[in-house]
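**Student:** Protein sequence lines correspond, in order, to chains A and B.
Heads up: take any position in the first sequence, counting from 1, add 44, and you land on our numbering.
Take the second sequence: its position 53, counting from 1, is numbered 39 in our numbering, and each next residue is one higher.
In short, the hints are calculated from the structure, not lab data.
We treat Cβ as the ideally placed atom computed from N, Cα and C, and that holds for glycine.
Misleading hints may appear alongside valid ones.
[What the hints assert, rightly or not] Interface residues of chain B toward chain A, partial, derived using beta-carbon atoms under 10 Å:
(1) D222
(2) M230
(3) A232
(4) T233
(5) L240
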Amino acid sequence: MNDRLLKTTNPGGSPLINERLFKSIGKPLQRKEDQRLITGKGRFTDDFSMADQTWAWMVRSPYPHARIVHIDKTAALAMPGVLAVLTGADCMQDGLNAIQHSPVPSTQYDVKLRGPGDTPVFTGQHYLLPVDKARFVGEAIAMVVAETRDQASAAAEAVEVQYEELPWVFDSREAAKPDAPRVWEDIPGNVLVDATFGDIEGTEKAFAAAAHVVTFKSHVGRVTGVGLEPRAALGHYDADGDAYTLYAGSGGAVRQKRELADVLGVDQKKIRVLSFDVGGNFGTRNRLYVEAGLVLWSSKKVGRPVKFRAERSESFLTDYQGRDLVTDVSLAIDRDGKFLAMRAHNLSNVGSVLVSLSPLGKGSGLITGSYDIPLATLRAQAVFTNTMATQAYRSSGRPEVTFAIERLIDRAALQIGMDRVELRRRNLVKPDQMPYMNAVGSTYDSGEYEINMDALLELGDFAGAEARRAEAQSRGKLLGIGFCNYVESSIGTPKERVDLIVHADSVEVVIGTQPAGQGHETSFAQVAADVLNVPFEQVFIIMGDTDVVSAGGGTHSGRSMRHASTIIVLAAEELVMQGRKIAAHVFDVAVDQLAYDDGVFRCLYDNRAWTWFELAAKAAAAKLPPELAAGLRVRFDNEMHTPVFPNGSCMCEIEIDPETGSLEIKRYATIDDVGRCINPLIVHGQAHGAIAQGVGQAMWEGCHIDPATGQPLVGSLMDYGMPRFDNLPSFKNEIAEVLSPTNPFGVKAGGEGGTTGALAVIMSAVEDALLPICGVIEMEMPATPLKVWTAIQEGRKRQREKSPARTDARPEVTA
Amino acid sequence: MNPITYLRPGSVDEATRLRADFEEAKYLSGGHTLLPSMKQGLARPSHLIDLTAIPGLRGIAVEAGDAALTIGAATRHVEVASSADVLRVVPALAGLAGSIGDRQVRNRGTIGGSVANNDPSADYPAGLLGLGATVVTNQREIPADEYFVGLFDTALEPGEVIVRVRLPVPLAAGYAKFRSAASRYSVVGVFVVRTPQGVRVAVTGAGEGGVFRATALEAALSANFSAEALAGLSIDSGALLRDMNATPEYRANLIMVMARHAVNNMGRVSMYK
Ligand SMILES: Cc1cc2nc3c(=O)[nH]c(=O)nc-3n(C[C@H](O)[C@H](O)[C@H](O)COP(=O)(O)OP(=O)(O)OC[C@H]3O[C@@H](n4cnc5c(N)ncnc54)[C@H](O)[C@@H]3O)c2cc1C
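All chains, full assembly: derive it from the sequences and hints.
**Tutor:** In structure tokens form, the structure reads like this:
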């Protein structure tokens, strides 16, 4: 077993990486998994059923905040088919532990988030069912197990929960006030993180001396993942083996196994978790859900398998949600437009219990964006509220801070009267500054930001934008041109494990990542095929069953391609050594008489040569000595800590109808530096989906809460606006491959960049379109027709009040 | 979900008898309003009386001389949208039916179900009120002006069955709607109809009491049927709905804008979002 710590490997440094011989890497190969998925042969959680299985239904809190006074199970237990009614008190009695989410990012590359006064972060206790209080609408308070799903649901209505309603708070700014209702009695106030970073004194001085100071404030609201497959869990306790089995699609079965073992207080060996095809994750499934623990625990109690499947309305209420950051940023700029210093205050809403600080933490390290800003200070805060917990959501934390810095720079350009592209150009981090450490301590690995920006301006025909604006104006429409740069970080769990196994007709790669549509079965096979020089078609990727996949970090934070390509090539190097030993044995020559080149083992003194598959066949037939008995099989563990920084630029054009406020995206172009691109078809697909997901938040999506009642207003697709194909233009995307020096192939990440810039670029375009009427706008996303129309009315009113004479740079259009 | 008995009567009489027999029974047509509300626990019928197998409840006919269209209550949206007769005599009504929901909804949902339900954002109520239709039930004929009573409320008596609707063929009609990004229902829909007696303008999606006629617009357009005639007019936002999609003021504005689009696009449906 090898435990190499990769710090700075040269791209191409491995003898097995030979670009000239690549047959698969870099090619837009069709996805291996698609045939299965589009012919209904996917294996999603609800596709699994067990003989004699029973069904679970949750009794959920109708209140945002309420004390649980009493739960009467009697009526429910008397209902037909009911096997059990379980509550938080039962969990306590059985000694179940709270879920240990490990919510505080802890690698050496993460900023150190601490509680107020440098205390440890208070996380709350995430029990499977609470004993004391309901802390958000939809929280599971009790669970019914019955013979059928309908019976369970009917009986759930008969569970009588006596609540005592408590004052509630859902807005993070309100929650941070000293007299706000307390979500957890254990800590004074709801503030669980309050940490300040950077050079405070230096920043203050720079601000004092600056020619210009520009500020921007906004709230990046709450969204949810809306996976096509509602979450589900099937749990089985086998009394004979005293072992638990869970079928539950997630972002990584190994993590779920570990955390479930903690919750149930049993050895990890007693738990098997299976997660095959996953119908949408985006981060929502990367943390353990209470229902996963509940089906296992209740299965032991009722002696039969227990299945849970969420309704769409339950998913809206209780899938881990995303974003929800209040940001207040300012920038000090000198006379020539050079950025001197930045100040940021970010307030994250973690919901009712702490599941992850990744959004706050990830964003904290990137507040200065793609720019060389020598000084910065950041105050990072997080608060509890009476809402569903938030979790890392596609590009965790980065769209928020990209939004802040990029909107701030747009404002700066307006305020100091400089072209927004030129202002950015003067401040971008330059290639010769790489690796570049930003003012809050993140070290960017590589990137050619200005080259990318210019390529994007070309791709999107930025030069022609004013002509298109004039044309729109002639039709009575307002055209807005949005622009932004972005940089993001990909860190993720540092450990990964692979088993590489060569059979006589195939190669198996067993690995602990967990795709939800990212195409690992294809792109990982491309890597394995090229490093071993075997046909792509004969490589198979095995994932998702913890009895087969013994370790692994799952899929999040853009880690999978980078970790997989690295560990596959490292494992392949060991496999070659193993292959040479086996070949030497089988053909009875000394190991140094054997050469390996490009997939062929050759005997140096005669003409004998064998491919991997020939050698595997011969090895299977031969009697190998004990030290080689495993055959052509290696297990490799790797740890890789150094983050990479995917980056890029985007522009879009939005046409607004001033009469209705309706918005139409006419043009959307991106350049994404993903490092080495293993499969451009997949990377483009990821870019398209990622853009749609970011645009969705900017234009349609929002988990709105009624300020009068604390009730979520969004419980179905009737209220939650999803991105749809007819609301999006055909994208112009290009991939830039600036190889990262941190890993053998130079991979960065390609799944999140599209989302990272989308919020900023859309709102940049909306503001640009409305500028002649409204000036700068204080509009929170989503930018709906209602908000746009209302802003136009207010802008016109202000204009009328101010002066009848117009002072705008651009004339307002008339219909 | 409680057990439900499914019944499939062969005549309207049998249907009404069954309805009288079981207090908690409900008529079922396309099911695209009723079934979702049952799944959410908002409706809990003991019996479902499926009307769609009753002969005569389905189909589209044009009266002699193209005076009127009759559409059976159980006629599906897709049938209205693609009917050569409807496309010939009131193309905007075919367009309206084709603008409802999505393909799946149009393949199941029916005009009778929509009109019986009278959702404040539904499209057919605007079509019926605009065209001055008559709702024909097993008991009587109800003019559209008296039929749509309020939010999800109609002049139907308990147990009364819509058999068909009769729609006088106008000189021309046009429908413009502004759709919600999420549900794609109308935030505001305006159905404008020219008849020899004058212009009728029906507004859906906007009113606190459901579909209504915009009489000021009707008067202006009756005097001068052109978009210019609408200039300077406005809608009082006092009785308009407020929700996540729109404020009353925004709806008032959308009514004027959609009315103009309808007038400029007679003979079809124009959609905005
Ligand atoms: C996803 C989705 C999107 C939709 N989008 C739109 C849209 O954009 N615009 C729009 O207008 N509608 C929309 N609808 C509603 C759709 O048009 C429904 O089909 C329609 O409102 C109800 O018709 P139905 O035949 O399905 O009625 P059902 O659901 O079968 O019945 C509805 C009600 O009417 C009663 N009823 C049915 N028939 C009769 C009758 N003949 N006499 C007396 N009572 C009767 C039933 O008892 C029930 O109470 C949408 C529905 C869905 C599910």
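**Student:** So, for every hint listed, does it hold in this structure?
**Tutor:** Hint by hint, here is what the structure shows:
The beta carbon of D222 of chain B comes no nearer than 17 Å to any beta carbon in chain A, farther than 10 Å, and the hint placing it at the interface is violated. Hint status for M230 of chain B relative to chain A: holds, with the closest Cβ pair at about 6 Å, below 10 Å. The closest approach between the C-beta of A232 of chain B and any C-beta of chain A is roughly 5 Å, which is under the 10 Å cut-off, so the hint is satisfied. With a cut of 10 Å, the hint placing T233 of chain B at the interface with chain A holds, because the nearest CB-to-CB distance is about 7 Å.
The interface hint given for L240 of chain B is met, as the beta carbon of that residue sits about 6 Å from the closest beta carbon of chain A, less than 10 Å.
Comparing the model with each numbered hint stated earlier shows that hint 1 is the single one that does not hold.
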